[in-house]
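There are 2 protein chains.
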Amino acid sequence: MKTLFEEASILSYGKDGFTIIENGYLGIENDLIIYLSENKPEVSYDVNKNMSGKLLSPSLINGHGHSPMTLLRGVGGGLTLERWLKEAIWPIEDKLDAQSVRVGARLAIMEMIAAGTTCFSDMYCLNEGTIEEICTAKVKSNQTRPILSNDSEESLAENKAYREFKSLYDSFDGYDDGRILIDFSIHAEYTITEKMTREYARLCNESNGHMHIHLSETSKEHQGCRKKYGKTPTEWFSATGVFDSSCQAAHCVVVEDGDIDILAEKGVSVVHNPTSNLILGSGFAPIPALLERGVNITLGTDGAASNNNLNMFEEMHIASIIHKGYHSNPAMMNPKTLMEMVTVNAAKMMRRSDIGTLEVGKKADIIAVELDRPHLIPNLDLLSLMVYSMQASDVVMTMVDGEIVYENGNFYTIDAEKVRFDVKNALGKLY
Amino acid sequence: MKTLFEEASILSYGKDGFTIIENGYLGIENDLIIYLSENKPEVSYDVNKNMSGKLLSPSLINGHGHSPMTLLRGVGGGLTLERWLKEAIWPIEDKLDAQSVRVGARLAIMEMIAAGTTCFSDMYCLNEGTIEEICTAKVKSNQTRPILSNDSEESLAENKAYREFKSLYDSFDGYDDGRILIDFSIHAEYTITEKMTREYARLCNESNGHMHIHLSETSKEHQGCRKKYGKTPTEWFSATGVFDSSCQAAHCVVVEDGDIDILAEKGVSVVHNPTSNLILGSGFAPIPALLERGVNITLGTDGAASNNNLNMFEEMHIASIIHKGYHSNPAMMNPKTLMEMVTVNAAKMMRRSDIGTLEVGKKADIIAVELDRPHLIPNLDLLSLMVYSMQASDVVMTMVDGEIVYENGNFYTIDAEKVRFDVKNALGKLY
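Residue numbers (the working numbering), protein chains in the order written: chain B, 1 to 431; chain H, 1 to 431.
Treat the hints as calculated values from the structure; they're not laboratory data. No false leads were slipped in.
Since the list can't tell identical chains apart, any single copy or any two copies may satisfy a pair.
Each computed SDA-like pair below joins lysine to any residue, with the alpha-carbon atoms no more than 20 Å apart:
1) Lys424 to Ser52
2) Lys231 to Gly241
3) Lys15 to Lys348
Construct the entire structure; sequences and hints are all you get.
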């Protein structure tokens, strides 16, 4: 099956990074991009789709989230991270079962597909249902079950969360033609023992695994670690061997200069979650400084409970403007840098070298954006429009592996009516 | 003509501020709200519209902008305010004529209507065309032509901008049944002389006029005024009599503690433009401190050139989260406070006591928002959804004075095709 998109604006990628091709042609065969040019190909295609007035872009990648938490959207508004977790979130999470986790994940996937996101890095428990939902919806995800422990004597093998992780890893890493990758994960320094961290980090390294952690999200966490270990969380994770594997660290709001050096040296990718960090009052991650030292930066929504949506266009927009304002420097965090964070940088972090850009040979994970909307006129600088003016609702088509999963409000891989029904039932048990 | 909206969620307003009525009924006769209750009225209506699954809210008010600048959307990205004005904006503005101003304003109105905004406070020149466009589109606006002068000898009567303002004021204040109000306006302290300011302020006061100014938008402006006059811009405007009238001050990014006292004491309304202030690297206005002293706060988009859209849902969202992050306090800037800024507070500032809330006797300026969207599920706290999760594109109907001007993507008072054509022609002359 060969499809040709004709006369589109195309966000292409080459050795100078992102550039726009006007009136371009993009050819797809099965799941792959096979043609990209300003000129019409000479060979014929099975389906020709005119895309005049639309932009084709790589679909977006959400670098950090907790997809089932859509069911907790808006819960505990106005609380700090610590009180929000203890008083609002954890009491409800205690009531989540496999079915409600699955339903929450499906709702999240539906929201992300409509907003142009087709791949997400996700940290939660009871993942089997989530994985089934991902495969049914035909999107992609790095899934992980984070380990936690507060018993200094407990060994890895005795730990319930580890056993759940191990079962996931053995069953699903690379599952469904690479749609699912299983990452190693430690929730955070303050929810695990040093002994277990060392053991788990060694295992990750030996397995050539990828590690996903929360790092220095709040000042309380950061200072607590200093007090307990005489080290920053970054120093502590580095000393325990966690950064010896491929690793992504979410938040990094209060990392210090020395921490940034460690992250750069160890090649740790940082997931910036601007909305979540602001809404919980955690603060402004030093993204410009991290960029300056060459750290690979990506963006994430975090869970819907602290966002309160899963909209990567919004994250790009907010990430761009807050740092300009915070550092009194409108020249930093330019649109190209932001687009890289939600595409190539995220693909690199998640070890998915076949997505993130529109190039011949890459997977056809593509969104079409309608440009004929009042807020996108005039089109004087398309990258600037994408980051500052565009809305997730401007996405009119979402494609994964060459298959359209969403078009003009219609979901082809998710039964929207069933989502409503299942969500209603799940909520009845939670609230 | 009487219309009844049935079974809607309704954002109503009473002595405890905003509250949600579930499964409510809202009745309209001609341009007025005549009924609002949880119970179905006993009298019959000409038209009954089922609004199940939708939220009815007062339409939003944009407190500060420069509508024709949609034609400069995205121009000069990455420059500070001063360089942005001098190098990017002013050279293009020099080429704007009456026709391009009119077309830019029409595009802005179209964008705002689709995003649920029906009333806006606007500062620009060549307003006659803008006013015609507002009346044709059937929205509402406080228009003003700001005065500027760099000649210390020049009198008010000799000033070209003043003569243009005077002509507007005489012709259009209260025009079209109050749809148009003409406000007095001084662009900023750094673009006018003290002599002219005093003369104009006295005139505003004697005419019971309302004044619209830019105030302490940047540190450079603020410190420049201190150096020139030994006063902050707030102290200077206060001393020249500008605050003796009803007044709205846009930005107030670098106002000091003493300035806040003056603004509170004089009853000056402040228009917070968070996106514009961040994107230009100007900084974070001290909104929480202003709120604490009882200053009336509203929100604005500023011009599309420094935003880069006209989306009041986005301004609410950004205004709420940035201050929580900046002050490490998730409890401040709650959803109710934000909703007040874009409705009741703005109506009060613009001296429009007949809009801003859904109450019997008020004008029927109403939006309907579709709640059956993935990012708005579950609906656990509707005010929180409105500020953190909702998108401008969730607006499915916009009504002004009881007349529907927009519904499901269709504009009833603007010819969208002609906008595209006219914008294309206008751009040809500018770029």
